[in-house]
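**Student:** Protein chains in written order, with the numbering used here: chain P, 1 to 728; chain H, 729 to 1180.
Simulated crosslink set (DSSO-like; lysine-lysine; CA at most 27 Å straight-line):
(1) P:K379 <-> H:K887
(2) H:K1054 <-> P:K327
(3) P:K190 <-> H:K1112
(4) P:K378 <-> H:K884
(5) H:K887 <-> P:K380
(6) P:K376 <-> H:K887
(7) H:K1054 <-> P:K380
(8) H:K997 <-> P:K209
(9) P:K378 <-> H:K907
(10) H:K1004 <-> P:K209
(11) P:K380 <-> H:K884
(12) H:K1004 <-> H:K1054
(13) P:K215 <-> H:K999
(14) H:K1004 <-> P:K214
(15) P:K378 <-> H:K887
(16) P:K378 <-> H:K1054
(17) H:K997 <-> P:K214
(18) H:K907 <-> P:K379
(19) P:K379 <-> H:K1004
(20) H:K1054 <-> P:K348
(21) H:K997 <-> P:K46
Simulated from the structure, these hints should not be mistaken for lab results.
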Amino acid sequence: MVASRAVGSLSRFTASRMLRCPGYICRSFTRSSALLTRTHINYGVKGDVAVIRINSPNSKVNTLGQEVHSEFIEVMNEVWSSNQIRSAVLISSKPGCFIAGADLNMLTACTTSQEVTQISQEAQRMFEKVEKSTKPIVAAINGSCLGGGLEVGVPAAFDMMLTGRGIRADRAKKMGLVDQLVEPLGPGIKPPEERTIEYLEEVAITFAKGLADKKISPKRDKGLVETFYLTELTSYAMSIPFVRQQIYKKVEEKVRKQTKGLYPAPLKIIDVVKTGIEQGSDAGYLSESQKFGELAMTKESKALMGLYRGQTLCKKNKFGAPQKEVKQLAILGAGLMGAGIAQVSVDKGLQTILKDATLAALGRGQQQVFRGLNDKVKKKALTSFERDTFFSNLTGQLDYQGFEKADMVIEAVFEDLSLKHKVLKEVEAVIPDHCVFASNTSALPINEIAAASKRPEKVIGMHYFSPVDKMQLLEIITTQKTSKDTTASAVEVGLKQGKVIIVVKDGPGFYTTRCLAPMMSEVIRILQEGVGPKKLDSLTTSFGFPVGAATLVDEVGVDVAKHVAENLGNVFGERFAGGSLEVLKQMISKGFLGRKSGKGFYIYQEGVKSKNLNSDIDSILASLKMPSQPDVSSDEDIQYRLVTRFVNEAVLCLQEGVLATPTEGDIGAVFGLGFPPSLGGPFRFVDLYGAQKIVDRLRKYEAAYGKQFTPCQLLVDHASSPNKKFYQ
Amino acid sequence: MTWVTGWPLYGLTSAVKAKSKQTLAKPNMRNIVVVDGVRTPFLLSGTSYKDLMPHDLARAALSGLLHRTSVPKDVVDYIIFGTVIQEVKTSNVAREAALGAGFSDKTPAHTVTMACISSNQAMTTAVGLIASGQCDVVVAGGVELMSDVPIRHSRKMRKMMLDLSKAKTLGQRLSLVSKFRLNFLSPELPAVAEFSTNETMGHSADRLAAAFAISRLEQDEYALRSHSLAKKAQGEGLLSDVVPFKVPGKDTVTQDNGIRPSSLEQMAKLKPAFIKPYGTVTAANSSFLTDGASAVLILAEEKALAMGYKPKAYLRDFVYVSQDPKDQLLLGPTYATPKVLEKAGLTMNDIDAFEFHEAFSGQILANLKAMDSDWFAQNYMGRKTKVGSPPLEKFNIWGGSLSLGHPFGATGCRLVMATANRLQKEGGQYGLVAACAAGGQGHAMIVEAYPK
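Excised from the complex, chain P in its bound form (with noise of 0.2 Å):
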């Protein structure tokens, strides 16, 4: 088993668990004292019931170290050799958090393979103590119980090992994970936390003694693997050879075609539960731990643990709570943009007033949130009646009533600067003087916008990715004169809205839009240098982007590229240069504006998955052909053509002090452009492929296309000095 997978949150239910043991009684040699105290574990003992709670001090989750895991085989030594006891409960202290998984801090401070594996194997020893147990324990499980958390209460399953997906309690219930579920309680002699998790102990008492003198037999007595499929058939069909290989096969195809072979995790796992099926549960683990290791050492798996660092950062508030809490929001526009920050605001209880200026675009606003929210009805996750309450907090109207006592309006009108001033006006003129003023633009600075503002103190951007419910970065722009209480505001609602949150400094494109721009120019010019858009997408997604360039265009909107384009293009002149805006002006003229209006570089149809290239384009880009030189134009050499001029862009954009940290740069890209997450973000790619190697590209293609590839002055002095990291 794999300690180091994060797996599933128990979050809705508290799930208790028992565990298969043969459970007769162990006896003992020795006995020692209940009461010696530990710092992460210690137990009590309840009638013959050891209660075992895990309690890591001064954190909110308990994780599994060095110090747990030698602590905990203490207490269950103990536990197995006293005569008194004839089963456990394992149990957390903390609300909500059984075992969040391994400590991260623990692998990151390894520097060799063999430390982690080290680390793997005395867990896989605590595990296989737990799984082996002469006695009966029952996990009690109250909230999240993640990765290695999961192997102390329940063997794991196949599938589960392979995607890391969350699963809520009723499902894993359903899947064999658990044996019984119990649900919170409300109030009732003592706060309903409290009193659940006392409940809960309870509940995995009366389980345990039934174990214990055999008045409950639980259900599953099979091994790992046959737990993840029940049925007898199965686990004939398993016991034959052919079958297992044509199993592994599948299995292995599936996962190289979902990760591209950017994730070497998933066919490691493959590799280790095969070894274990052949060559037996030792040599299984034995695999396990050593596959562990090496997997800890990755450049993905660095990638990955500064990512899930960073996220942790960027859902923090730096700036401290706002004077006034933000209760009443006002979006102006039910466009996409407006309807989608609509509903990630009623959901969290934001009374949300959404304006716009014809009943028509209002009701298809309205529309979409209720989909939104309707759509997971269907998936379980929401009750109708919480629907209907969350839409109840959404008001549709066409005037301004009420926005005299709201607490922030959004902006999500047209992108054109003097639309923009004439709502501003006209919003200032009916809200109170606290309310902050945000507008959700791409690309206008923000500073343009104050402009018209009689409180430039109260005005900020919000710049949301769409669609707004999927996409979880949020991009705050400060200007120079937008206070300090107004950024915490925008802050706290984008927190409260459940996003990640970067802040940036006010300028042309900020900083995603920035960086955005010039790979997107280099999208065009790979095109006009006739490589198709199919074969552009897949090589960008085989670099590791969730979206191939191409279709980037075509969801983002032609006429929004072109818009955006020719703003920074009048901007920051040569540097944006590589393709010709001419593509993009005469697709809008023939009506191609990507996915919205059904045609692009591909054809939309509703119903249609398969997506067919708009042979209308040919031509276009035909009649705008490049020349392509061949020395920077292998299918490495264009893929490194876009991510040079990302990181470039990105690195300039610290240079300046657009962005704050390395960090909020990182996370910006991942989560709000979709930079290959493998890679961890434009820095943390610099810090691990080498500077050097970066700016030797860079002056590659400076070579032969000119200035839109010099590398900026920060990324030059990487270059110069290999000790220079992003990342200390």
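Please arrange chain H on chain P, whose structure you already have, making use of the hints.
**Tutor:** Frame of chain P; chain H shown alone:
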């Protein structure tokens, strides 16, 4: 007014200590009295009433009331009934029952619904009509027939059938019929779960009992108490509100048939009914599905006296409360009791008879514990101190919904009549009726004995 002279006498004859208030009569407010009330025997559903329709049962209660009180039919100004699961053919069951019972067709009637406190709502609606001077004589009641509930076709099937009735040509009909799928035939039962939370009441009761750390044994003991007390009351003829009912085609039913005292050992054998396998709420410590109807005659005091009645009780202050339908679904009495006492200016010590609706043993015991908890009062009810738990010797001593049965729409009138009859019998002055209801709602009312 009679009470002016009546009270000092009462004070002397009663063994009860001095009350916070001599009476709850308010200046410039009409006194409202209950002359009497009756109910059909409450039967386990699926027994003798199983072939009836709800308005048949309601009619039996009305006829019984007419017989008991001899009220002239044309004097009744208005009739209100409470019900929960509506028979679609008689959705205004009050009107259908009144017509059948021979009331004047000039007497309007309407039906109210508020889950288990529906007939409480019928009675307090009557109080409102009389207090505001709109009516003088009102019949309030309630009915529930769980032996037969409306089971519908699925929405898809209904839609197809409705569309079919509008289809004009054979082609349209055929194309509609061609869309038929077998799963259209799966029926839709009346919801047993709370609509807002999708949790059944028994499940919620089990969680409530756990939240208040109430053991299975305590619950079984309380249920046994309810059945034993009901058996005793029945044997001693105290359940005088029950009127015999000759069921068409069957024998005359004379008494409740759900009273079955068992032993703790027998009860301990039952498996949990909702949270399996470790829950504590079982069939034996829950109220059962019941058929039954009840009705009371409510008048303005001066009208009652003018008609020569000797009323049984005054209906005094009442409150409705509501709270979280998920975790506090059944805590209505806890919230309503201190509120109604405060409103009336009474304390727990002033109350001589408590009649609480018993949905589940666990629910009653949870309410008793909650009312006795300063922590709960401070953290959830915004009160400085607890109201205190009612002394059990004054509490549901003639049985309760657990043993007598609980026809949802009819229980409220039973509670009020039990209180009035107990006060008359025991010589107490104030009674407190309280009940919880689906939707997280609750009700409490003070009943004051009519001076002898």
